[in-house]
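> Chain residues, written in single-letter form:
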Amino acid sequence: MNKSDGAGGVPADGIMRAADGTPLKKSLARALRREKIRSLLLILPLLAFILITFIAPIADMLFRSVENGIVEDTIPQTVGLLQDWDPASGELPDEAVFAAFQKDLSEAFKAKTSTRLGLRLNYEKAGMSGLFRKSGRPATNMEPPFREAFIAVDEDWGDIETWAVIKRASPRLTDGYFLSALDAHRTADGVEMLPEKERLYIFLFMRTIFLSIVITFSCLLLGYPIAYLLASLPVRTSNLLLILVLLPFWTSLLVRTSAWKVLLQQQGVINDILVWIGLIDDAGRLIMINNMTGTIIAMTHILLPFMILPLFSVMKTISPSYVRAAKSMGASDWTAFWKIYFPNTVPGIGAGSILVFILAIGYYITPELVGGTSGVFISNRIAYHISSSLNWGLAAALGTILLVLVLALYWAYDRIVGIDNVKLG
Amino acid sequence: MKLKTILMSTAAAGVMLGSASVAVNSASHGMEPCEGCANSMTVVSWGGAYQNSQVKAYSEPYAEATSTEFVWDESSNEAVAKLRAMNEAGNVTWDLVDVEGPDAVRLCDEGLAMEINVDEVLAPAPDGSPASKDFGDSLVSSCFIPQIVFSTTFGYRTDVAAWNGAVPSSLCDIFDLEKFPGKRALEKRPKKNIEWALICDGVAKADLYKVMETDEGIDRALAKLGTIKDQVIWWSAGADTPQLLADGEIVMGSTYNGRLFSVIEEQKQPVAMLWDYQVFDFDGWIIPAGLPEDRLNRVKHFLKFGTDTQRLADQAKYISYGPARASSAPLVGKHAELGIDMAPHMPTDPNNMGNIIVNNIEWWSSYADDVDAKFQAWLAK
Numbered sequence: 553m554n555k556s557d558g559a560g561g562v563p564a565d566g567i568m569r570a571a572d573g574t575p576l577k578k579s580l581a582r583a584l585r586r587e588k589i590r591s592l593l594l595i596l597p598l599l600a601f602i603l604i605t606f607i608a609p610i611a612d613m614l615f616r617s618v619e620n621g622i623v624e625d626t627i628p629q630t631v632g633l634l635q636d637w638d639p640a641s642g643e644l645p646d647e648a649v650f651a652a653f654q655k656d657l658s659e660a661f662k663a664k665t666s667t668r669l670g671l672r673l674n675y676e677k678a679g680m681s682g683l684f685r686k687s688g689r690p691a692t693n694m695e696p697p698f699r700e701a702f703i704a705v706d707e708d709w710g711d712i713e714t715w716a717v718i719k720r721a722s723p724r725l726t727d728g729y730f731l732s733a734l735d736a737h738r739t740a741d742g743v744e745m746l747p748e749k750e751r752l753y754i755f756l757f758m759r760t761i762f763l764s765i766v767i768t769f770s771c772l773l774l775g776y777p778i779a780y781l782l783a784s785l786p787v788r789t790s791n792l793l794l795i796l797v798l799l800p801f802w803t804s805l806l807v808r809t810s811a812w813k814v815l816l817q818q819q820g821v822i823n824d825i826l827v828w829i830g831l832i833d834d835a836g837r838l839i840m841i842n843n844m845t846g847t848i849i850a851m852t853h854i855l856l857p858f859m860i861l862p863l864f865s866v867m868k869t870i871s872p873s874y875v876r877a878a879k880s881m882g883a884s885d886w887t888a889f890w891k892i893y894f895p896n897t898v899p900g901i902g903a904g905s906i907l908v909f910i911l912a913i914g915y916y917i918t919p920e921l922v923g924g925t926s927g928v929f930i931s932n933r934i935a936y937h938i939s940s941s942l943n944w945g946l947a948a949a950l951g952t953i954l955l956v957l958v959l960a961l962y963w964a965y966d967r968i969v970g971i972d973n974v975k976l977g
Numbered sequence: 047m048k049l050k051t052i053l054m055s056t057a058a059a060g061v062m063l064g065s066a067s068v069a070v071n072s073a074s075h076g077m078e079p080c081e082g083c084a085n086s087m088t089v090v091s092w093g094g095a096y097q098n099s100q101v102k103a104y105s106e107p108y109a110e111a112t113s114t115e116f117v118w119d120e121s122s123n124e125a126v127a128k129l130r131a132m133n134e135a136g137n138v139t140w141d142l143v144d145v146e147g148p149d150a151v152r153l154c155d156e157g158l159a160m161e162i163n164v165d166e167v168l169a170p171a172p173d174g175s176p177a178s179k180d181f182g183d184s185l186v187s188s189c190f191i192p193q194i195v196f197s198t199t200f201g202y203r204t205d206v207a208a209w210n211g212a213v214p215s216s217l218c219d220i221f222d223l224e225k226f227p228g229k230r231a232l233e234k235r236p237k238k239n240i241e242w243a244l245i246c247d248g249v250a251k252a253d254l255y256k257v258m259e260t261d262e263g264i265d266r267a268l269a270k271l272g273t274i275k276d277q278v279i280w281w282s283a284g285a286d287t288p289q290l291l292a293d294g295e296i297v298m299g300s301t302y303n304g305r306l307f308s309v310i311e312e313q314k315q316p317v318a319m320l321w322d323y324q325v326f327d328f329d330g331w332i333i334p335a336g337l338p339e340d341r342l343n344r345v346k347h348f349l350k351f352g353t354d355t356q357r358l359a360d361q362a363k364y365i366s367y368g369p370a371r372a373s374s375a376p377l378v379g380k381h382a383e384l385g386i387d388m389a390p391h392m393p394t395d396p397n398n399m400g401n402i403i404v405n406n407i408e409w410w411s412s413y414a415d416d417v418d419a420k421f422q423a424w425l426a427k
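Protein chains in written order, with the numbering used here: chain A, 553 to 977; chain B, 47 to 427.
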């Protein structure tokens, strides 16, 4: 600011002022701030909406994968006393623990939380829920010595493993769900992988990723020529074709999936036709559903529009004169396509592939209906644990791993292809 | 959609015809007035023909007599998960929920269902014996108010040329690929399949659950299932097996008996029942915990009427599931539309009960997680 010169409207103290006498700099800043607040207020509803309906529930769900307050909250005194007990000693906890447990359990029984704790502990050891259901009522009118009294109710209370499980499961935060989600478990000797034949989740994660990649590629393979056709035809024809592409969107997902059942099953339309034209005989009908093939076919069909639309909108913007120019300079059809046209469509391929892949990796209805046993995804197990087994902790852990996997793949994609290279139109 | 959802539209049509006779029943039923009761009820059920049978047999006559408004929610499939979520949110909007026995035990364990004094809440049998005696074994949990007995059993096609006229007569024919070649359908979960496999592997019924408690027992069952694994289509919705049977995709498969009844009697498909070692289950009501006074009064008032001997017998006019009360059995009449005697189609008919298993809810509630993990890992490979 020029302080030496009093001319040009600058006052003697050298500070420019607005009409109301406040320094101009200040009032400008205020005006800008007001502007910012106003625009913030405009997006505030959306922000709050996303926060309340999207971020918060996800965060809450993710937290369930480690949350484990139930043990300490239900039987606090027992958990406190068990800290000093060592399962490796080979001896049962002493009478004080049993006395505390009797008190805790009868209170929990009255509050109707004892059986809920049993359900939680059942994840660690089968049989615990039955044990707690059986012991709640007797605990309310037990006489000392409590150790004998509990063992009289069920001899499992005399098993060191029962108490070791309670002790192991007592911290407020647990890694147990994540271990289960990775086919491992915690035993007295530390973390161990499950026996080979009982491992499931890592296998399912890998299958989910593999099938999603296959589905993405088959969508690209089928979608690219269609998008090219749409982009190069005259508008009137291409609009008609575009409606055909969009039509499946207006049909229920279940209807489309069921239609595939009718087509693909062994007594279905495709097999009937193949038998009729004599390509296969009646005994050799193809198995195309209730397996991996079924999942790939049905999901490719359902996700195809998500590949075609971004490809189409990118191809629309590529001027036909590029290819003409290449050809006029002597390029063959293939060279003109590969060197000129194809590189221009890469942003569309990127966008389509990301869309299809991310949608595919979380799919579960279609695999459930047509996937049989070899075509199911990890999401089917997550859904099972949410709605049937009610092991929300394990479901949350599986969901967290899936989320991390998607983010990791996104990161890798960004490094290799570059996310700036993605264009939706 | 795992159970009793959409049975068959024909059954729904049949329900319409039968309503008139039910209305007459309710008029003759003397009901105490309901003091301090809410005017409407939200009832959760399975939808489809099953829910229709409840509407016709229970709620329509009740609504006529008391002008209570019924709101039906077809969420029984996910009732446990949804009730848990509602409870966490502190806003339970349901008044009465239809669930299977194992879910009732689970809801009771979690404190999400209200405990009931059966003799106080429910009507005694016509001969005066208390409800607890009349319902007997079906009272699987202190929160559970049973309605029906249903069973999971097998249906087979009667026109399979490759069988050379042989007809499956025992459960173990499911495992006999030589005599009965063709695809089978089994449920995509361990319960029932494990029991059946072990029985056909020579385990006595009395020892079943002792054997299943060991890892070797489960391995043995999976090995037995492994002998037919590549011929099995695994279903997860009860409607799958009837559809697959009708399409000729499978030659035999397990499902709920009511669905097989529809395929055989209503759709007239060439399918027959194999009742051997049918597995019994119960389905009934639970009241969500923590209902306000007026809603609870209404629910109790409805239950006293809706689960009495006549009402439970009425339900069997519309669907082939057996009433849970012993005193209802003699009152089971003819199908409302088809006019056929329903008694022989009840899972509880003596002719169908040669060999049965009753779902061991207690055992499965403890071991389901473990066995399911092993089963799913076996299935995936």
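Calculated directly from the structure, the hints in this document are not laboratory data. Treat the hints loosely; a few may be bogus.
Okay, derived cross-link-like pairs now, BS3-like style, lysine-lysine, Cα gap no bigger than 25 Å in a straight line [as the list claims (entries may be wrong)]:
id : chain 1 : residue 1 : chain 2 : residue 2
1  : A       : LYS662    : B       : LYS346
2  : A       : LYS677    : A       : LYS664
3  : A       : LYS813    : B       : LYS229
4  : A       : LYS686    : B       : LYS380
5  : A       : LYS749    : B       : LYS350
6  : B       : LYS314    : B       : LYS229
7  : A       : LYS577    : A       : LYS588
8  : A       : LYS813    : B       : LYS256
9  : B       : LYS380    : B       : LYS275
10 : B       : LYS251    : B       : LYS238
11 : A       : LYS578    : A       : LYS588
12 : B       : LYS314    : B       : LYS380
13 : B       : LYS238    : A       : LYS677
14 : A       : LYS686    : A       : LYS662
15 : B       : LYS346    : A       : LYS664
16 : B       : LYS427    : B       : LYS179
17 : B       : LYS179    : B       : LYS346
18 : A       : LYS813    : B       : LYS346
19 : B       : LYS314    : A       : LYS677
20 : A       : LYS749    : B       : LYS427
21 : A       : LYS749    : B       : LYS179
22 : A       : LYS749    : B       : LYS225
23 : A       : LYS719    : A       : LYS749
24 : A       : LYS891    : A       : LYS868
25 : B       : LYS179    : A       : LYS686
26 : B       : LYS229    : B       : LYS275
27 : A       : LYS813    : B       : LYS314
28 : A       : LYS664    : B       : LYS128
29 : B       : LYS229    : B       : LYS256
> Please go over all the hints and tell whether each is borne out by the structure.
Now for the hints, and whether the structure bears them out:
1. LYS662(A) <-> LYS346(B): holds, 23 Å
2. LYS677(A) <-> LYS664(A): Answer holds: LYS677(A) to LYS664(A) is near 21 Å, not above 25 Å.
3. LYS813(A) <-> LYS229(B): holds, 16 Å
4. LYS686(A) <-> LYS380(B): Violated, at about 43 Å.
5. LYS749(A) <-> LYS350(B): violated, 51 Å
6. LYS314(B) <-> LYS229(B): At roughly 21 Å apart (the allowed maximum being 25 Å), LYS229(B) and LYS314(B) satisfy the hint.
7. LYS577(A) <-> LYS588(A): Given that 25 Å is the threshold and the Cα spacing comes to 16 Å, the pair holds.
8. LYS813(A) <-> LYS256(B): Violated. LYS813(A) to LYS256(B) sits at ~40 Å, over the 25 Å cutoff.
9. LYS380(B) <-> LYS275(B): Roughly 40 Å separates the two Cα atoms, so the pair is violated.
10. LYS251(B) <-> LYS238(B): holds, 13 Å
11. LYS578(A) <-> LYS588(A): Holds. LYS578(A) to LYS588(A) sits at ~15 Å (cutoff 25 Å).
12. LYS314(B) <-> LYS380(B): Holds, at roughly 18 Å.
13. LYS238(B) <-> LYS677(A): Within the cut-off at roughly 22 Å; holds.
14. LYS686(A) <-> LYS662(A): With a Cα-Cα distance of about 14 Å, the restraint between LYS686(A) and LYS662(A) holds, given a limit of 25 Å.
15. LYS346(B) <-> LYS664(A): Given that 25 Å is the threshold and the Cα spacing comes to 22 Å, the pair holds.
16. LYS427(B) <-> LYS179(B): violated, 47 Å
17. LYS179(B) <-> LYS346(B): holds, 19 Å
18. LYS813(A) <-> LYS346(B): violated, 45 Å
19. LYS314(B) <-> LYS677(A): Outside the cut-off at roughly 48 Å; violated.
20. LYS749(A) <-> LYS427(B): holds, 9 Å
21. LYS749(A) <-> LYS179(B): The given pair, whose Cα atoms are some 46 Å apart, is violated under the 25 Å limit.
22. LYS749(A) <-> LYS225(B): violated, 31 Å
23. LYS719(A) <-> LYS749(A): The given pair, whose Cα atoms are some 28 Å apart, is violated under the 25 Å limit.
24. LYS891(A) <-> LYS868(A): Within the cut-off at roughly 18 Å; holds.
25. LYS179(B) <-> LYS686(A): holds, 23 Å
26. LYS229(B) <-> LYS275(B): Holds, because 10 Å separates the two Cα atoms, which is no more than 25 Å.
27. LYS813(A) <-> LYS314(B): holds, 23 Å
28. LYS664(A) <-> LYS128(B): Between LYS664(A) and LYS128(B) the Cα gap is close to 19 Å, so the pair holds against 25 Å.
29. LYS229(B) <-> LYS256(B): Given pair LYS229(B), LYS256(B) is violated - Cα atoms ~31 Å apart, limit 25 Å.
Taken one by one, the earlier hints fail for this structure at numbers 4, 5, 8, 9, 16, 18, 19, 21, 22, 23, 29, listed in ascending order.
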